[in-house]
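Asker: The primary structure of each chain is shown beneath.
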Amino acid sequence: MAAIVGKARRNPTRRTDDGKLPANTRPRPPFFLMTHPRQWAYDDVEGDWLPMVTQHRIDPGALSITERMDPTLAVAERTRNGWACIDPEALAPEHMDGNASYVLDIPHAGGAFYAVPFWVSPEVKPGGRVIDRVDHDKRRAFRRAVVTEGVVPPLDDDYKDLLLEEARSTLNRKVQRASMAPPGSPAHEDLAVYRARFAAMESKSGPQPGGASKPAPKRRRRKAALPPVPEVAE
Amino acid sequence: MANEFTWTAKKGDVGVAEIISREIHENLYDGTYVWSLATMRADLSGTGAQQVQLAKLTRGQAMAAANTNETTAIANTAVTSGNYTIAIAVQELAYAMTDLARVLQPGGWDVPLLVGMLLEAAQLRRNTLFCTLADSASTVKGTTGTVLDVDAVYEAQYAATIANVPAAGGDLILKPKALTQFQESLRAEGGAIQYTPQMGALLATKGQGIAGTWNGMQVWSVPSVIDDSTDFSNMLHFAGATAYAEGDLSSLNGDGAVDVPAGSSVRVELDRTATTAISAVIGRDLCGFSEQEDARYVKILSAV
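Residue numbers (our numbering), protein chains in the order written: chain A, 43 to 276; chain B, 3 to 306.
Don't take each hint at face value.
What the hints assert, rightly or not - With a straight-line Cα cutoff of 30 Å, these simulated DSSO-like cross-link-like pairs (lysine-lysine) come out:
(1) A:K180 - A:K246
(2) A:K167 - B:K179
(3) B:K58 - A:K180
(4) A:K246 - A:K167
(5) A:K62 - B:K179
No lab work stands behind these hints, which were simulated from the structure alone.
The structure presented is a predicted model; accordingly, all values stated were derived computationally and were not measured.
Take the sequences, apply the hints, and build the full model.
Answerer: Structure, rendered in structure tokens:
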């Protein structure tokens with residue numbers, strides 16, 4: 043429009059909406075984070091197991107969130123189902139990039155919520171599209187800190203066994219694929235990478251409260267009873 | 003309709019202008035109403051509460067052998083039960099237009115159109131509430147920050163099977179981007195189990211959003227699937243996993259009488275402010291969605 047009406051018609055003052063996300067940006071309601079004892083994932087960069095943090099949206103009408111956005115009932119229900127709900131101020135600011143809470147509400151020109159965790163920075167790109175830039179290092183550090191600071195219990199050995207069973211199933215599938223592929227094919231490279239990953243998964247047990255590392259538990263009978271993964275010529 | 007596009011020199015500009023003003027192109031929008039996969043469990047109208055607690059019962063308890071001494075009395079076994087809560091909340095949207103709209107907007111851009119759009123808006127909001135439930139599933143498959151592949155979907159099916167959910171008949175609810183990743187992964191797969199794209203008959207029955215069937219599941223492409231900026235919360239949903247409750251919205255008339263719509267949770271009202279020459283169409287829906295049984299659905303992660 044400015045190009046059509048000419049420079050002289052432009053308002054030289056800053057608009058009040060400057061610095062806010064465009065009004066048509068899809069809102070993001072506030073949330074609290076939670077972890078489940080069974081939801082752990084091996085992180086390749088960290089080289090260890092980390093808890094998966096899930097956003098529980100505080101969106102009225104979903105998952106026991108009331109019209110007044112009261113999460114009390116939702117926290118009670120999730121806790122009863124085994125989740126560990128993390129208070130937004132449970133960690134010290136040094137673990138949350140200097141923020142007092144892990145939830146940041148980004149100003150939205152439409153007045154809507156745009157709540158993101160501190161490791162997400164929304165950027166307005168040319169054309170008006172909003173891209174959420176994720177700092178994976180900060181996210182990873184937070185996932186580790188909730189355990190080392192004692193907010194979330196560490197990985198249970200039996201749950202780790204279940205996760206390893208699934209990983210072993212994936213490894214077996216990759217072995218099958220590699221066995222049908224010619225030597226030097228991507229399937230063989232994929233198998234070699236995953237085999238190394240699986241070995242690391244077995245040897246690690248995730249962060250512990252206080253930050254101390256815990257030695258991997260000795261092999262149990264249940265794992266020993268699993269069929270060995272056949273070798274494939276690579 | 004076809005005859006309207008015969009603008010030629012014979013008809014003249016007046017005819018063309020009239021025809022064009024009657025045509026409205028509808029941009030793409032999400033017409034998928036996947037929320038109805040949840041089970042309707044309660045109507046809270048007149049109950050005096052916006053929350054309902056519903057009981058859960060676990061059947062299937064097998065008998066045990068009697069005590070061998072034949073004299074010990076049988077001990078009582080408690081019936082396994084639990085409960086869950088649904089909280090309902092008002093959802094709303096309003097469209098307003100000035101009196102000039104009848105002059106400036108194309109024909110057909112009027113109150114009935116906006117009422118129809120509000121009804122769609124209620125459905126879309128329910129979609130979002132329904133898709134939000136994925137995040138409370140305790141079973142999660144797929145890897146954070148990784149594109150969706152066939153393995154993750156298989157693993158979700160295996161998890162459902164292990165939980166004793168009948169394997170066939172599930173609904174795979176995917177973000178459109180996740181659907182393309184799934185299809186891309188399928189291209190590399192061989193064997194007898196293949197993806198069946200939706201056909202006209204299926205599309206006509208299920209409406210927009212049904213993308214096909216694969217391995218006994220109906221595959222849906224749903225833009226309302228939520229994300230946490232890192233991963234989409236797709237889900238494999240089986241009947242009974244989720245539930246919703248509603249309430250009728252009623253209002254007081256000017257004479258004090260209570261106006262109750264006929265058994266619908268969605269209410270559309272018209273409002274006229276003469277001083278500002280604005281006619282508004284306001285829609286409200288009173289509903290709430292909640293997880294009913296955790297074992298019946300699986301969250302599937304895929305990269306944003």
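Asker: Sort out whether A:K167 lies within 30 Å of A:K246, counting only the CA atoms.
Answerer: violated, 41 Å
Asker: Straight-line Cα separation of A:K180 and A:K246 no greater than 30 Å?
Answerer: Holds - the C-alpha atoms of A:K246 and A:K180 are around 21 Å apart, at most 30 Å.
Asker: Are the Cα positions of B:K58 and A:K180 separated by 30 Å at most?
Answerer: Not satisfied, since the Cα-Cα distance of roughly 40 Å exceeds 30 Å.
Asker: Verify the proposed pairing of A:K167 with B:K179, using a straight-line Cα cut of 30 Å.
Answerer: Holds, at roughly 20 Å.
Asker: Sort out whether B:K179 lies within 30 Å of A:K62, counting only the CA atoms.
Answerer: Roughly 27 Å separates the two Cα atoms, so the pair holds.
The earlier numbered hints that this structure contradicts are 3, 4.
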